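Keeping the supplied structure of chain A fixed, place chain B upon it in accordance with the hints.
2 protein chains.
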Amino acid sequence: LTAYEIILKKRDGGELSRAEIAFMVEGFLENAVADYQMSAFLMAVFFVGMSDAETDDLTSVMLETGSVLDLSAVPGSKVDKHSTGGVGDKLSLVVAPVAAAAGVRVPMISGRGLGHTGGTLDKLESIPGLRTDLSRHEFERVVADVGMAIVGQSPDVAPADRSMYALRDVTATIECVPLIVSSILSKKLAAGLDGLVLDVKVGRGAFMRDVESGRALAERLLATAHRLGLPADAVLTDMESPLGRAVGNALEVSEAVDVLSGEGPSDVRETSLTLASRMLVLAGLARDGREASARANEALDGGQALGRFARFVEAQGGDPSFIDRRGLLPAASVVREVRSDEAGFVTRVDAMEIGLASTELGAGRREVGDPVDPAVGIEIVVPVGGEVHEGGVLALVRANDVGRAEAAVGRAGRAFEVGPEQPAPRPRVLEVIEGPGTRARTSTGPRRS
Amino acid sequence: LTAYEIILKKRDGGELSRAEIAFMVEGFLENAVADYQMSAFLMAVFFVGMSDAETDDLTSVMLETGSVLDLSAVPGSKVDKHSTGGVGDKLSLVVAPVAAAAGVRVPMISGRGLGHTGGTLDKLESIPGLRTDLSRHEFERVVADVGMAIVGQSPDVAPADRSMYALRDVTATIECVPLIVSSILSKKLAAGLDGLVLDVKVGRGAFMRDVESGRALAERLLATAHRLGLPADAVLTDMESPLGRAVGNALEVSEAVDVLSGEGPSDVRETSLTLASRMLVLAGLARDGREASARANEALDGGQALGRFARFVEAQGGDPSFIDRRGLLPAASVVREVRSDEAGFVTRVDAMEIGLASTELGAGRREVGDPVDPAVGIEIVVPVGGEVHEGGVLALVRANDVGRAEAAVGRAGRAFEVGPEQPAPRPRVLEVIEGPGTRARTSTGPRRS
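Protein sequence lines correspond, in order, to chains A and B.
Residue 250 in my numbering is what sits at position 130 of the first sequence, and the numbering runs on without skipping anything.
Residue 231 in my numbering is what sits at position 111 of the second sequence, and the numbering runs on without skipping anything.
Just chain A, same shape as in the assembly (with noise of 0.2 Å):
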C-alpha cells in the first residue's frame, strides 16, 4: 500500500477501503504520507466523491485518530448543534439557553470565525470575563450544574481533521461534500453526543448557495450520522441576507439578549426556536414537533431561557450585569451611516458582502490565528422588505479606525439593493429533515415540505 496507489485509484474512480483511507489520514498525521500528496489526494477526492461507504469510513478513521469525551456522568439527554457557517448568526446564543432551559443537556462545542463567517467563540469573548477555554472537568460540571457550556474545540479532538482543513483551507479543497461530511462529523462524534442538529445555511452568504445543494449536504450528514451511531436532524436555513440586524462579536452578543428578552429581531426568535425544538425532540423531551415547540416557546418567553443565559456566563467566568447595562459590552469609536441612492424598498443584502465588510473591520479573521475587535460590526437598519427614502440611513457601520469606516461603508453599500417594489417576505427556516434515525421515532414533527 503506497501514498501514490491510493492517489491513482482514487483519481481514476476507484472506491477505497477503510484500510486505505486509513493509511492516507494516519500517514498524513505522522508525516509518512506527505502533504503535498495528501492535497492532490482531496483534490481527486473534490472531482471524484466518496461513495457512503468512503464517506463513513473518513469520518471514523479521523474520529479515531483523537479521543472521545465521555459525558456519562452528565444526567440527562446530551444534545448539542452545529451550524456550517453564516453572517450574523448568533444563533448558539439563543438556542442553547432556550433547549437547556426546557431540559436537554448542551454541551456545544463552537468554533472561531474565519473568511466572511463569524464564531460564537469570538462572540462570547466580548462578555467582560467570559472564558472559552474550560478544562473538560470544568465543561462537564457545567453542562451538569446549568445544562448547558459553550467552549472551544480540545486539541485531542479529531486532530486529522485540524491537520487536512488547514490544508483544504489553501488548496481549494473545502467546497466538498464528502470532506465537509467527515469535518463536521468527525468532530460531533467525539463530543459524546446523544443527539445532534444541524442548521446548513443556504445562500449567498454559505459554502451551499442553493437549496438543492445544502439539501444534498444535509442528507449525507444525517445519512452518515445515522449510520455512526448519532441520532441527527437537520434544518436548512436561508443565508442570502445576515440572521437579524446585527454582524459583529459584541452587536450579535447583544441581539441575542434582545431575543431572550422578548425582543429582537423575529427571524432569529423563529429560527432559534426551531432548532431548539428539534433539540428537545432528539433528547427525548417531546413527543413531537409540535409539543416540543410548545416547549421551547415557554422557555423562551417565560424568561427562564434568559435566566439561563445569565447562569451561563457567570459560570464560565463571565459578568452577567451586561444583560441590563448593555454599555458594559465593548463599544466601537467611530459610527457611520451607509444611505440610500434612491427611495424604495430594500431587495437585498448581501451577506457575503457585508460578512467580508465586517471581516475588515476587524470583527473577523482573514487567517486562522488573526485577532478580533470585539466592538466592531454591522448594524442593519432597513433589512429586506423594509423601505427606505432617498438618503435614509440603510446600516451603520461601527469601526475603530475612520480609513476601515469609509471602506467597510462602500462596501456594506454595495450589498443592498433598493428596488420600486415590496419584495415577496422570505422565509428563513427553509425545511426539516428528519435523519433516517429519527423519523422513525417521530411521527409528527414537522417533515419536508
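Wrong hints could be hidden among the right ones.
Stated by the list, open to error - Take a look, some chain A residues computed to stay more than 10 Å from chain B by CB distance:
id	residue
1	R138
2	A139
3	P195
4	D253
5	V331
6	A343
7	G404
8	E434
9	P450
10	M472
11	V513
12	R531
13	V538
14	P540
15	R546
Unchecked claim - Partial pick of chain B residues on the chain A-facing surface, computed with a CB cut under 8 Å:
id	residue
16	Y124
17	R131
18	A160
19	M163
20	S441
Unchecked claim - Beta-carbon label-pair distances, calculated as ranges:
id	chain 1	residue 1	chain 2	residue 2	range
21	B	G349	A	T467	51 to 61 Å
22	A	A193	B	T122	42 to 52 Å
23	B	E146	A	E383	17 to 27 Å
24	B	E135	A	D265	56 to 66 Å
25	A	P543	B	D289	50 to 60 Å
For the record, the hints were derived by calculation from the structure and aren't laboratory data.
Every value quoted in this text rests on a predicted model; they were computed, and no experiment measured them.
Cβ atoms here follow ideal geometry from the backbone N, Cα and C, with glycine treated the same way.
Chain B in isolation, oriented as in the chain A frame:
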C-alpha cells in the same frame, strides 16, 4: 494574485492567463507556492485540462525558468528525436547514426529508465568507457565533428519541469496531456533545434493505451511545438509488445548494433528508418518522404550508419571494439528459460509485464537514483506470431541473482499468451502525423492513413 485563487479558478473550469501560470510555476521554483498547492493545482489540471493557449503558456513559462542551448555555431540542420517511453526501445541508437550519416546534425538529449521503461543513457553507459555527461562545449564539438551526440539533460534546462515532474511522479498526475506536452516541449525548445520528430508510443507498455489517445497527444504536441516555433512531426508506434527481441541495457545495445549491421529484428529496422526519414525531411535534406526513405536506407545498408555509430562511441570516450567483439559488453552470470505450457502461436507478449520483469532484474529503476545493472534483461526467443511447441523456450532471462532470475521467469511467463491460431501481422509504425508547419512544406510524404 494568490496560489489559492489560481487553484480555485482552474478547479472551477476557468482559463488561466499567462501571468497566473507564471505565478504558479515560478512561485513553485522559488518556494513561494507550496508543493502541496502545486500538487492540488496539478490534480485540478488533470481533471479540468488546459486550453491550447494555457498549454502554450505553461510550456514557454517552464522553458523560461532555465537556459536555452545555442547551437548556431554548429553548421547544418539540427534535428532530434524524442520518444514518450517504451520497452525494448533502442531506436535512438539506430536512428541517430542513420540520420547523422545522411547529413542531419543530431544533438540528442536523452533520459534514464524509470518504472517499466528503459532509458537511452542507461543503455549507452553499458558500453565500456562511454560518458553521457559531456560539457556543453564537448557536446557541441561532438555534434559538429561526428554529426551526433547523446547526452543527459543539463540541470539548468527547464528546472521547473524537473521539480514539477518529481511532484507529478508521486501524486498520480503524470498521465495528463497538457502536462506531458509542456514537460516534453519545454526541454526540447531549450535545445536549440531546427526540428523534432516525436515517437509517440501506444499500447500496454506506453502511457497512452490506445491509438486515439496517442493521436490526441501527438496532435497537441505538434500544435504547441508549431505555435512556439519548433517544426515537428510525429510517428505513432505500437507498444503492445516490446520493440525487437532484447530488453535490458547491454542486450539492447547489442541488438542496435545488429540492426546497424543489416541484421536484427525487422520492427527495429523499419521503425528506425521511418523516424530517420522524418528527420531528413525536417532537416530539409530530402524533398519528400520517399526521397528521405531512400537516403536513410542507403545510409543503413551502405554501412555508413554503423561507421558513424563507432565514431560517436569513440568521441564520447567509449571503446568501439565491442562492435566486433560483443563479449566485451557486460554479461550476466545466470540464464533461465521461460517455457511454454502448450503448443501454438504466440498471440501476445505484454510489454508492461516484460518491462516490469526487466526492472525487477535490475535493468531499470523503481525510483529515481536507483542503480541499474547493465548486464541483465530478457531476450524474447519467440515473438508475437512465432510458433512454439509444448515446453519450448519463449524467452531467456539473464540475471546476476538466482532468486531474481526465478521471479522474472514467472513474471515474464505471464507476459506471453499462446493460442491455436497465428495472429495477423501487426504493424509497428501505426501512423505518421505531420505537424501544422511541415504539412505545408512537404507534398508527398506519408500522411495519416
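Satisfaction of the B:A160 interface hint, Cβ to chain A closer than 8 Å = With Cβ-Cβ at 4 Å, under 8 Å, it holds.
ask   = Falls inside 50 to 60 Å, the C-beta gap from A:P543 to B:D289?
value = Holds: the Cβ-Cβ distance is about 56 Å, inside 50 to 60 Å.
query = Regarding the assertion that A:R531 does not contact chain B, is the least Cβ-Cβ distance greater than 10 Å?
reply = holds (19 Å)
ask   = Would you say the C-beta atoms of B:E135 and A:D265 sit inside 56 to 66 Å of each other?
value = holds (59 Å)
query = Any Cβ of chain B at or closer than 10 Å to A:V513, or is the non-interface label fine?
reply = A:V513 is indeed farther than 10 Å from all Cβ atoms of chain B, at 35 Å.
query = Do the numbers back the hint for B:M163, that is, is its least Cβ distance to chain A under 8 Å?
reply = Nearest chain A Cβ about 4 Å off; hint holds.
ask   = Between B:G349 and A:T467, does the C-beta distance stay in 51 to 61 Å?
value = For B:G349 and A:T467 the Cβ distance comes to about 55 Å; the hint holds.
request  = Classify the label on A:E434 as holds or violated, using whether its beta-carbon is more than 10 Å from each beta-carbon of chain B.
outcome  = holds (42 Å)
request  = Please settle this one: A:D253 was flagged as non-interface, so is its CB more than 10 Å from every CB on chain B?
outcome  = The claim holds: A:D253 sits with its nearest Cβ about 30 Å from chain B, beyond 10 Å.
query = Non-interface claim for A:A139: all C-beta distances to chain B beyond 10 Å?
reply = The claim stands: A:A139 keeps its Cβ more than 10 Å from every Cβ of chain B (closest is about 18 Å).
task = Go through the hint on B:S441 and say holds or violated, using the shortest Cβ distance to chain A against 8 Å.
result = It is violated, given that the least Cβ distance between B:S441 and chain A is near 44 Å, above 8 Å.
request  = Answer holds if the nearest beta-carbon of chain A is closer than 8 Å to that of B:R131; otherwise answer violated.
outcome  = holds (5 Å)
When the structure is compared with the earlier hints, violations turn up for hints 20 and 23 and for no others.
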